[in-house]
Amino acid sequence: MTPDRTFRQPGRWAVLAALVVLAVVMLFPFVIVTLNAVKSPAEYSANGPLSLPQGLYLDGIVSFWNRVDFGLKLWNSFLISGVVAVAAVALSVLNAYALGIGRVRGRLWILVVFLVANTMPQEALVYPLYYLSKEVGLYDSKLAVILIFTVIQAAFGTYLLSSVLGQFPRGILEAAELDGASRWRTLWGIVVPISRPTLSVLLIFFFIWTWNEFFLPMVFLISNDNQTVPVALGVLQGEKMMDATMSSASALLGIVPAVAFFLIFQRTLTRGVTVGAIK
Amino acid sequence: MAPPGAGAVRSRGRGGYWLYLVPSLVLFLAIIVVPFLMNVATSFTRWSGVGTPTWIGLDNYVKLFRDERFWASFEHNVALIVAMAVVPTIIGLVLASALFDYIAKRFGRRTASALRAAFYLPQVLPVAVAGVVWGWMLHPSYGAVNQIFGLEVNWLGDPDIALATVMAIMVWFQLGYPVVIFMAGLQRVDPSLYEAAEIDGASWWRRFWHITIPQIRPEIFVVLLTCTIAALKVFGPIFVLTRGGPGSATMVPSYFSYLNFFQKVNVGYGSAIATVLALIIVVVTFLFLRVQERDQESDS
Numbered sequence: 001m002t003p004d005r006t007f008r009q010p011g012r013w014a015v016l017a018a019l020v021v022l023a024v025v026m027l028f029p030f031v032i033v034t035l036n037a038v039k040s041p042a043e044y045s046a047n048g049p050l051s052l053p054q055g056l057y058l059d060g061i062v063s064f065w066n067r068v069d070f071g072l073k074l075w076n077s078f079l080i081s082g083v084v085a086v087a088a089v090a091l092s093v094l095n096a097y098a099l100g101i102g103r104v105r106g107r108l109w110i111l112v113v114f115l116v117a118n119t120m121p122q123e124a125l126v127y128p129l130y131y132l133s134k135e136v137g138l139y140d141s142k143l144a145v146i147l148i149f150t151v152i153q154a155a156f157g158t159y160l161l162s163s164v165l166g167q168f169p170r171g172i173l174e175a176a177e178l179d180g181a182s183r184w185r186t187l188w189g190i191v192v193p194i195s196r197p198t199l200s201v202l203l204i205f206f207f208i209w210t211w212n213e214f215f216l217p218m219v220f221l222i223s224n225d226n227q228t229v230p231v232a233l234g235v236l237q238g239e240k241m242m243d244a245t246m247s248s249a250s251a252l253l254g255i256v257p258a259v260a261f262f263l264i265f266q267r268t269l270t271r272g273v274t275v276g277a278i279k
Numbered sequence: 001m002a003p004p005g006a007g008a009v010r011s012r013g014r015g016g017y018w019l020y021l022v023p024s025l026v027l028f029l030a031i032i033v034v035p036f037l038m039n040v041a042t043s044f045t046r047w048s049g050v051g052t053p054t055w056i057g058l059d060n061y062v063k064l065f066r067d068e069r070f071w072a073s074f075e076h077n078v079a080l081i082v083a084m085a086v087v088p089t090i091i092g093l094v095l096a097s098a099l100f101d102y103i104a105k106r107f108g109r110r111t112a113s114a115l116r117a118a119f120y121l122p123q124v125l126p127v128a129v130a131g132v133v134w135g136w137m138l139h140p141s142y143g144a145v146n147q148i149f150g151l152e153v154n155w156l157g158d159p160d161i162a163l164a165t166v167m168a169i170m171v172w173f174q175l176g177y178p179v180v181i182f183m184a185g186l187q188r189v190d191p192s193l194y195e196a197a198e199i200d201g202a203s204w205w206r207r208f209w210h211i212t213i214p215q216i217r218p219e220i221f222v223v224l225l226t227c228t229i230a231a232l233k234v235f236g237p238i239f240v241l242t243r244g245g246p247g248s249a250t251m252v253p254s255y256f257s258y259l260n261f262f263q264k265v266n267v268g269y270g271s272a273i274a275t276v277l278a279l280i281i282v283v284v285t286f287l288f289l290r291v292q293e294r295d296q297e298s299d300s
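In the order they appear, the protein sequences are chains W and C. When we follow my numbering, the leftmost residue of the first sequence carries the number 1, and every step to the right adds one. When we follow my numbering, the leftmost residue of the second sequence carries the number 1, and every step to the right adds one.
Isolated chain C, as found in the complex:
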C-alpha cells in the first residue's frame, strides 16, 4: 500500500545518501581492504618483516602444498569443525526439541529456560577464559579432573589425546549456541502441527524428524555456517591450551600463520597460509548461502 506521494522521498535524488557511507569507506579501505591486499602481495615474497621483501612468485604456495604441517593443520581444522559445528548442531537439535516439545509442556517453561541457561553459560565466556578454565581443570599434576577421578592422564600434553581433548572442550563451549537458536526457531512453528501429530499418535522421534527438523531448517543452516567459520578461524583456545602442540598435534592454520608471522619471522609464508585460509572461508560462506538459497527456492 503505497501512500500518496511515495515518490516524494525519492524526488530529492539518492545521490546525497552516499555521503553517509564516506566515514566507513575511508576506515574500511585503511583497516580491511588495504591490509588484505598487502597480505596477498606479501604472500608472493620472502620477507622477515624488516627491509625490502624479495619477490619469489608462487614459491610460498608451492612450499605450502608440500608442507606436512600445513596439511595436518587443515586435518585438525576438519576435526574442529566436527567438534564445533556438527556435533553441537546434532546434540543441540535433540536438546532444543526435548526442552521445547517435552520439558516445557510437562514440567513448565521455567524448568526449560533454567536448563537452557545452564547449557548456554559456557558460551558467555571469552574463549580465552574458557581455555584458562580447562587448562586448570586438566593440569597434569594438580588439575581437578585427574584429582577427582584419580587419573594421571596428561590430557593436553599427550600427542595421542590432545586433539580429542581440545575437541571435547570445544563441544562444551559451543553447545549452548545451537540450543538457544533452535529453541527460538521452534517458537515460530505453528503449535497446531505438533498437536495434530500428537493426536495422530506420532512418537516424539517422528515429530522430531518430520516437524522439528524441516521447520527450523533456516536456523540449522545459520548455525552450521557460523560455527564452521568459527572452527576454521579458531585461535584462542589453541593458543591458551596447547600452542599447537605437543609437536604439532593440535596445530591449526590460524596458529600456524601466527607462528610464521611473529616467531619464525617468515612473514611471506605466514601470509600465504592466511590467504589460503581466507579463501577457504569465503568459498565456504558462498557455498552455504548458495545451498540455502536453492533450499528456499525448492520450498516455495
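Chain W with its partners taken away, still in its complex shape:
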C-alpha cells in the first residue's frame, strides 16, 4: 500500500512545510544571535540584523570575553557542575542501595520526603541558607553552592534510582553473599557496575541541570571570581555599556557550551529525558 494513494500530494507537503516553518521560527533566535555576534556595530546599524556578516569581526566576542573573564566563568561552571554531578550520583547510589535493595523500613515515607525536597522552591530555603552560610563562613564560596546542589540533585536521583534498584536481580545479590562479599563490596563491585548505564544518565543530567541553575548561584556567588556562566550573563544583561553586537556576542557565549553539551550527549539525553519523566 503506497501512502501516496490515500493522501493527496499537496496536503502531504503542506504538513511538512508547516512543521519546517515552525522549526525555522524555533531556531531563528540562534541564527540571528550567531550572525550578529560576528559583525561590527557599524555593520549592524548599516545592514541590519538579517544581513550576512561581511567578514569575521571577533572584537565583540573577544572584548566581552575579556571583560567578564569568561574563561574563569567557564571553569567555575565546570568545577561546580562536575563536583555536584559526581557527589550527587554517589549520594543517590548510597540512598537507593538502602531503599531499593535494602528495603529499609519506612522507605515509602523517606521517598516522599525526597520527592517533596526536590519540588521545594529554592525561595523557601534561600534566606536561611544565605544566613547560615555567612555564619559558617561559606558565603560567596563555590563549596556552598556545591553542597546545596549535591543535596537537591541527590533528592531526585534517590527517587529515580530507588525504583531502578528495586528491580535489581536478587539472584546476583545472593550469589555475592554466598561468596562472602560484604554489603559494601557488593555495592561497589556488583550493583554500581551493573547499573552504570542509569548512573551515567544521572551524571549527565546533574551536570547539565547544575550548569543551568541561576537563582541560588546568583545569590551565593557575588564575587567575580566565583560566578558561573549563567550568573555572569544574567547579571550583565541590559547593561548600558553594551552595544548591539556585543550583547549578541554575550548571548552566543552562553549558547555555545549548552549546545555543545546537547550535541555531545544527545543520545544519552533523549533516552534519559524519558527515564526522568516516567520514574
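It is possible that some hints are incorrect.
30 angstroms max Cα-Cα, derived DSS-like pairs, lysine-lysine [as the list claims (entries may be wrong)]:
id: 1; chain 1: W; residue 1: Lys-134; chain 2: C; residue 2: Lys-264
id: 2; chain 1: C; residue 1: Lys-264; chain 2: C; residue 2: Lys-63
id: 3; chain 1: W; residue 1: Lys-142; chain 2: C; residue 2: Lys-264
Quick caveat, the hints were computed from the structure, so don't treat them as lab data.
Chain C: place on chain W using the hints.
Relative to chain W, chain C alone:
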C-alpha cells in the same frame, strides 16, 4: 520466580542498610529541613536580617492577603502556567503525533528526528541565557525583532504587553520538552492500533483523539505536573528580562520574595511569600499524583 534461598539476603537483617542513609540524612537536615523550618519560623516575625527578629504572629500573612502586588503576582503565575504548561502540552501533542504518525511514516525517521531536535534546541539553554538571547532580540532601540519588522514596540518595557511577551518567550523555551516526552511515549504504543485505525479509514484527527491521547496519558500527566511546578517557581527569565516590571506588570511570587529578602530587607515578609509558594507547590504536586493514581485505577 523466587530463587531458592531467597531469604538469604534478608537473613542478615535489614538494620545495617540504614548506615547508607546517614550521609544524606545529615546533609538533608542541614540544607533542606532546618532551612525550611527556619523560613517558616521567620515568616512569623519582623526581621531585617540583622539583630533579633520580632515575633509578630500572623501579621505577615494578614498583610499578604491584602497586598495587591501579591495577588497580581499569582495572577501572573497563572498566566505563566498557561504559557509554560498548558500551551506547550497542547501544541506538543499535535507536533509529537504529527511527527510520529505522519512525518516519520511519509518522509522518514530522519526528517522526524531532525525536526524534533529543532523544536528541542531552546530547552538545552540555561533559562537565564534564553533570557539574555531574547533581551537582546527584543531590545527597544537596537533589538533584531524591531529592526527586522520595522517596528518600534517596547516589548518588555510596555506594561500592557510585557507579560504577553514573557509568555511567548516561555512557550518558545518550553515547547521541545513535551514534544520529546510525547514522542518517546508514542514508541510504547502498539503500532497495530494505528494500522487497524488506518485500515478502518479513521482520519488523522480521529486517531489523534482516540488513540494517541488515551495511550500517552501518563506522559501528559508528567509533563503537566513538571511544567506547572516549573511555572510556579519561575525566576530566571523574570530576573533577566524584566525584573518584575515595568511597575509590577510581570511580578511573580519567587521574584517578589527575592525582592523582599535582598532589596527591601523585609525578611519576615519575604519568608511568608516563600512559605505560601512552597505550600502551593506541594499541594499541586499531591493533587496531580492523586488524580493520576485515580486515573490508573479506573483504567485497570
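Verification of the hints:
no.: 1; hint: W/Lys-134 to C/Lys-264; result: holds (19 angstroms)
no.: 2; hint: C/Lys-264 to C/Lys-63; result: holds (16 angstroms)
no.: 3; hint: W/Lys-142 to C/Lys-264; result: holds (26 angstroms)
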